[in-house]
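Colleague: For reference, the chains in residue letters:
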Amino acid sequence: MSEPLLSVRDLKTQFFTEDGTVRAVDGISFDVHEGEIVGLVGESGAGKSVATSSILRLVDSPGEIVGGEIEFKGETIFGLEEGDDGELRPRDEMLTEEEMRQRIRGREIAIIFQDPMESLNPVFTVGGQLREFIEINRDLDADEAKEEAIDMLREVGIPAPESRYDEYPHQFSGGMRQRVLIAMALACQPDLIIADEPTTALDVTVEGEILEMVTELQEKYDTSFIWVTHDMSVVAEICDRVNVMYLGEIIEQAEVDDLFYDTKHPYTSALLDSMPRPDRTVDELRPIQGVMPEAIDPPAGCRFHSRCPEAREVCREVHPEPRELSEDGEAPHTAACVKHDAFDVGYDESPPIETQATGGFSAGFTETGGEAE
Amino acid sequence: MTEVGPPESDPEALLQVRDLCKYFDNESGLLAGVQLDDEFPYVSRSTSDVRAVDGVSFDIKEGETLGLVGESGCGKSTLARTVLRLLEPTSGSVYFQGEDLAELSGEPLRRMRKNMQMIFQDPQSSLDPRMKVGPIVEEPMKAHDMLDEEGREARAKELLEKVGLDPQHYNRYPHAFSGGQRQRVNLARALSVNPDFIVCDEPVSALDVSIQAQVLNTMEELQEEFDLTYLFIAHDLSVIRHISDRVAVMYLGNVVELADKEELFENPKHPYTRALLDAIPVPDPRSGGRTALLSGDVPSPIDPPSGCRFRTRCPEVIQPDEYDMTEDAWRNVVEFQRAVERRAFEETDPDALRSRYFDDAVPSGDAGTLLDEALGHIERDEFEDAERILVERFADQSVCATTTPAYEVPSDLTDGRHYSACHLRRDEALASAVDEPAVDDAARPGAGATEADD
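Taken in order, these protein sequences are the chains called A and C.
The opening residue of the first sequence carries number -15 in the numbering used here; numbering runs sequentially from there.
The opening residue of the second sequence carries number 33 in the numbering used here; numbering runs sequentially from there.
Excised from the complex, chain C in its bound form:
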């Protein structure tokens, strides 16, 4: 069993993405990555890839909207472009209506593109300022040899009306339209070749809220009328909650959770999803504000953390088996380790640090000895040694660091499947796998969780 992504495979699905990876070269050029050494062979070449999308799998059923959400830099747009093969995938496959897009090239791929369209974030830069709106909408039809000239014009006018513009605007230039209207032109252009599938990359995030609602409503109406399937990317969870049927949450190139909308928002089973949900501001002064915020920055996708990629910021990292600390003591150790890594304090006195970080619970036994050692290093101003001990002996020993999580857990609120890449869900996934042993292999111990490859 090698599948690491969501263990779904529905042969009926319109789009099936399997283990899709997209790496970028960090450097390019003739001498990229070349390093000089003192010893033989003197010159070495090492390339470090940016792993923008790393082993993503999901299905999109016909007529549904899959929301894709994540912070900036998590790989949402790269994923979208790779799915449409606007970017060459590094590995993995994308089955669209049964054909593997990753294998196609040349004319067959071009013909396939007729069925897949994309809408971009910036309504300003995605329309040619020197073309009139009508010809802009006709352009894809021309490229795919649809209809004759008159037919195209008639269809363009019809589509302009469908997206809520006046067909009389056929002869206007994009600058005469406001942002929301330009996004409608984009919609009309995408619809012109009668596609089945539209990737929407943050289509409303550049618009004011009042306009945002107008465009979202139009998109929903069009979906119903033309039987469209959307992959809807946004960083705004409120928009995602409004428009999606199912939602995938991305973090650092991985999908960490995928479930039906209601299930994901009301019953999130990944600490990252929970943190993200807690971080959304609610337009209500009585809501009490946001709680439990994440600390730290997203790690670099060049050298992502082993195992679960969220573990360096996760508030619920699992204690390594070899220690027997109380939960509070373990949390304190984690907090202290991250503070040392961030050099968040100047204090070097062990007692002061103890009272600051281990006020309520101090680790005992082996863990206590290691902690004393680390504090000793800090007292001698050897921050790096202290950091090494804390990271190697605590953080890297956790199951979160040694194995990559991937579990299918039971859905509590809906019938749909619920995928969560978090080791905390292991028992839950095991229990449900025992109930229905035939359903999914991926949730069996050792099957869903594959060894970390680095």
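Just chain A, same shape as in the assembly:
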């Protein structure tokens, strides 16, 4: 396979809070190849958004990237090495803050956020914001940039772009605003666009239109995407490969068809089972019991074992790293679950344990703030 466009290795991002260290992203690795849409799925609190901000080095204090490597087109976005005194320090070839700002963000890697109202400035016109962005990043003069901006608005399906150019964000509907942000992201023809739940706040009909448009534009510009979402249906629709996250870790990684039809991790299957289906009537939903534990104090062993219907004694002791489970000639498929033979830690002999999934209805409390008066 060709050299990946973006390669993330063992990325760790932590937040240092008064209550302790929150390990929001705890050693994730994945690649994005050219022209590919890679999904990043998980429930709220899984660390999806922290992972994407880390890629752009946008994590703010008290958060910090504490380990791992991020390579983008042969350049090092993040990398550490051990200094003479034994302390970790950034490597020399790591891009400086200024290079990140001027070369990478927006030009090479663009990001689309979930809430389009918060990403657009309410006191400037939509066209003006788009024009300014193009002017600065593509070294065009104001008139050319305006022309380009109108073309981009038409490209993303805004009706009557010439007259809407002078309107303000509040005059646009939610779907239209998201289209403007997509136009903005595409305007500099970046190699990679990170889309952080861009359609979550939209109606299904609008979501459908936007996903269709993204697929078309992706073919036209050959842009790669990292698509962050909690919605398995969106994943099924547009992603080529998928990473499933649980509590700061990627627990399964596969091509989209394999993920749905040859699911290897109990969390992924539980997630798929818990969804009501639009295409058939399901008599009873099978929810995942309990809630996701806090990343400040993750369970020992496999992090999912406290909610896993297939948990055994060994799951409490062994922390599984994702391993390659595909056979020769198949597409790569990794999963972090010891029930597979590749782990060989004695899962089959281990006795099953009592978990929330096996032991009844009581819903667990979130770890913090649960004290009674």
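Hints are not guaranteed to be accurate.
[As the list claims (entries may be wrong)] The following label-pair restraints were derived from C-beta to C-beta distances: (1) 445(C) to 50(A): 55 to 65 Å; (2) 99(A) to 186(C): 37 to 47 Å; (3) 75(C) to 127(A): 52 to 62 Å.
[What the hints assert, rightly or not] Covered stretches of chain A (chain C as the covering partner; in silico rule of three or more C-beta atoms under 8 Å from a C-beta of chain C): (4) 248 to 256; (5) 259 to 267.
Calculated directly from the structure, the hints in this document are not laboratory data.
Glycine included, each C-beta is placed from N, C-alpha and C at the ideal position.
Fit chain C to the known structure of chain A by using the hints.
Modeller: Frame of chain A, contents of chain C only:
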């Protein structure tokens, strides 16, 4: 015959909503709507109402769940609040256990409210952060003078257990609970006064899927145990399909289709319902994705389209009687007209436009002449004139624009009734009305379809 909504009326139903309307003033204040003119009388006042709910009728039988689905802004929440009389209806009536809520006021209304409760979308903001969970659950009982203090506490604890929480949590504050658990507290609070009817306004849409399933299952268990009737609002069709017995689809303040769940999902008879169903993503990469997407935006409820409100986006608008185009040619005309309205192209050359929009079928006769005229205007950059011709002579002439549809059609899959507000169903409705002439007046020609009032 004036009934425009679903022509149902079951005197046994727990809740009967008839022709319910709720309009909001678009502007408020002393000088709202005041305009200055050049001529006498110089000052005029015109108010434009937002027609959030416009002539909705339906029944909810005891013990059933009616799902209400529609895009954001279609009036679902306004309808729910108006049904509970949290908002004053503009007109129409809501019969709950035989009494018209729209007529009640003061103490009788307050007493009635004991039987109707509501659960809101945001579990965070619907619980007072400074009250403990126990007193939150007791509050409605206090308001309705139920039990003494000890009895209330005992009941609150019992209810907490029923909704899947630990009764020991009586003394905790809402912030100590996760979103799903807060929604359970909301459920317990709604149940505390032993209501018959609960309106659930998007109760699970703020929750993660895995938690969503837990709460939905609990709601179903409680329904069975306490014999509850739900009006369940959601924008997520998968959730609606899971929980409802019957489903009403709303578009721009109207109910466009109402039928039993299986019937509606497997045999939809309104183009909007079909479009909505086609737009749901299926969690299956082999499903082939969504098809036939709707184009355009929902029109403004201040000035909704005449006749069928969906006609401006409908893929199946009916050809006006005066023309005799082929189906393909008519579709091309519709597509072209919408493109002109949206200013979707810059091209002004008639030949280029012809090859782009009328490649496979060109309208002939009168329609062809009108089209030439419109293309001529576009060539001279007179988009507005072209738009006027296309809209007035084509779109506004369709039966979809001149009459408001309302038909009861036969159900193919279930015994329940099936209401569809679409003129394409006219023949079907007529045929079934001939079979059973006594059953419903509303499906007779001219009766079900009332003239558009604007």
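Colleague: Is 55 to 65 Å right for how far apart the beta carbons of residue 445(C) and residue 50(A) are?
Modeller: holds (58 Å)
Colleague: Does 37 to 47 Å hold as the CB distance between residue 99(A) and residue 186(C), or does it fail?
Modeller: About 44 Å separates the Cβ atoms of residue 99(A) and residue 186(C), which means 37 to 47 Å holds.
Colleague: Do three or more residues from the segment 259 to 267 of chain A put their C-beta atoms closer than 8 Å to C-beta atoms of chain C?
Modeller: holds (count 7)
Colleague: Count the residues of the segment 248 to 256 of chain A with a beta-carbon closer than 8 Å to any beta-carbon of chain C: does the count reach three?
Modeller: This one holds; 3 residues, not fewer than the three required, reach chain C with a Cβ under 8 Å.
Colleague: Okay, residue 75(C) versus residue 127(A) on CB: inside 52 to 62 Å?
Modeller: violated (44 Å)
In this structure, only the earlier hint numbered 3 is contradicted, and the remaining ones agree with it.
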